[in-house]
Every structure is written in C-alpha cells, then in structure tokens.
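Asker: Residues per chain, in single letters:
There are 2 protein chains.
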Amino acid sequence: MPLFPTALDDAALERGTVLAPRFGADGLIAAILQHAETNEVLMIGWMNDEALRATLDTGYVHFFSRKRRELWKKGETSGQLQAVREIRVDCDQDAVLAKVIPGGDGGVCHVGFRSCFYRVIEDGALAERPQ
Amino acid sequence: MPLFPTALDDAALERGTVLAPRFGADGLIAAILQHAETNEVLMIGWMNDEALRATLDTGYVHFFSRKRRELWKKGETSGQLQAVREIRVDCDQDAVLAKVIPGGDGGVCHVGFRSCFYRVIEDGALAERPQ
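For the record, the sequence lines run as chains A and B.
Using my numbering, you'd call the opening residue of the first sequence number 11 and step up by one each time.
Using my numbering, you'd call the opening residue of the second sequence number 11 and step up by one each time.
Careful: at least some of the hints might be erroneous.
For chains that are exact copies, the list does not tell them apart, and a pair is met inside one copy or across any two.
To be verified - Restricting the straight-line Cα-Cα distance to at most 20 Å, the calculated cross-link-like pairs of lysine to aspartate or glutamate (EDC-like) are:
1. Lys77 to Asp102
2. Lys77 to Asp59
3. Lys77 to Glu24
4. Lys77 to Asp20
5. Lys77 to Asp19
6. Lys77 to Glu132
7. Lys83 to Glu96
None of these hints come from the bench; they were simulated from the model.
The structure presented is a predicted model; accordingly, all values stated were derived computationally and were not measured.
Required output: the full structure, derived from the provided sequences and hints.
Answerer: Quick look at the structure:
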C-alpha cells in the first residue's frame, strides 16, 4: 500500500491541502535542508516515501542513501542529527524544504564544513568560502 | 567535447579548485535558487551541462526543462529572470546553489507566490503559508 496518496489534478497538487508527493521514476524526491536560525542552505539529499514518512513521524531528517540503497537517519553515526523545525513542499510536490537545527557539531557536511555549499564558483574556478 | 572536466579523485572533487560537476545518469544536476537578500529558498530546478555553462556565462539562471527537453532561460516568457549574485557547488559537486535577485514581479513560482515553497506540512496536511 502506498504511504502517500496521489493528487487527482493540478489544482489539488498545487493548491490542495493533501500531501501527495510526486516521487520520481527512481522513487525519490529532492530534500533541501536549510538552517532554521541562520537560513543557510546546508545540503540537498534524497527521500523515498519511507524516508519522508520517517522524517514526518520522528521530527528528524531521514534520507534514502542512493549509494547504500537504504533508509538513512542523517547523523545516526556522525551525531549530526537534524531536528526539523518546519517542513515545506513545493508547488508540484516533487521537492521538500526542511528547516532544521543541526545536532552534534552543528553541521551537515562530511568534509567538515557546516554547510556542503562551502565553495563559490568564481571565474570558472572554485574558492572555499563558507557562508 | 565535454563542457566541464571530471575530477580525478575525491580530494580533487571535494577540496580542489577545478569545477567538475557530476551530472547524473540523466545528465542533470539539482540547482537550488535562494533569494540573495531575504535568504528565502525559492525553488529547485535542473541543469544539464549546457544550462550550467549558460548560467555561468550570462549571469542569468538557465535550466534544462525535463518536460520540454530543452534549454530554458528562466523568466524568458514570465519576466521572472533570475540574476545570479553568487553561485556555489556542494562537496561532491552534484548540486549547485545560486543566490539570485528575481526580476519581473520578484518571484519564481508559476502559481503566483514568490517562492515555490509556499506550503507547510502540518500534522500530515498542507497549509499555505508563504515564507
């Protein structure tokens, strides 16, 4: 049985009150994490229906790991648990935006920066400049 | 000839100065638009190599339309051109974050809200609450 319903039409999809996420052919939707206090965009990950369900039910961000092909509670090993303050869906319900408070060292990135977007593209090259 | 090089290893990918975006099997990477002044997350779109190149070269956001299968200069018909103030890449170079100033009516969303993320998920249902 599907974990979420399907929207009947564009009006329901865009203006309705029913959460009807449109998972892609790979079963995933994009999930953007934004720091709830600083508004920094922290990372993007991928959720299947089970990961979205677990995120909504527990209040902590869960992803689907495309590499390991399994449900992944963000921070379970690193300590960087992501407590959800608010979660939003976009107009065509194929992406979510989670406003979070990162646990552990306060970041999300395995490289050691607070945000995964620590590099700016300038004149075609990359420069490390944390937000 | 590819428009961008490929990173030789993880060190180059994560800490190098060479922009070496990792397009997916479908040739696309996710591109998040964030308002450069309010920090609102506005939308997520998809770029192929040509769209990223055009964005970097022109200073205006270009996407690849998955529906129409073509390069799409955001705002070309709606007037909602997105002027890039800064563009970032994430640790594994498979997503970009563009900080933008929206033109036209100041928004990005075809439904009429400034941001596509105008609905909050609350107790499993959706409520319209623009950021």
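Asker: If a hint holds in the structure, say so; if it does not, say that too.
Answerer: Here is what the structure says about each hint:
no. : hint            : result
1   : Lys77 to Asp102 : between (27 Å within a copy, 13 Å between copies)
2   : Lys77 to Asp59  : within (17 Å within a copy, 23 Å between copies)
3   : Lys77 to Glu24  : between (32 Å within a copy, 17 Å between copies)
4   : Lys77 to Asp20  : between (33 Å within a copy, 15 Å between copies)
5   : Lys77 to Asp19  : between (34 Å within a copy, 17 Å between copies)
6   : Lys77 to Glu132 : neither (30 Å within a copy, 31 Å between copies)
7   : Lys83 to Glu96  : within (17 Å within a copy, 31 Å between copies)
Checked against the numbered hints listed earlier, the structure breaks hint 6 alone; every other hint is satisfied.
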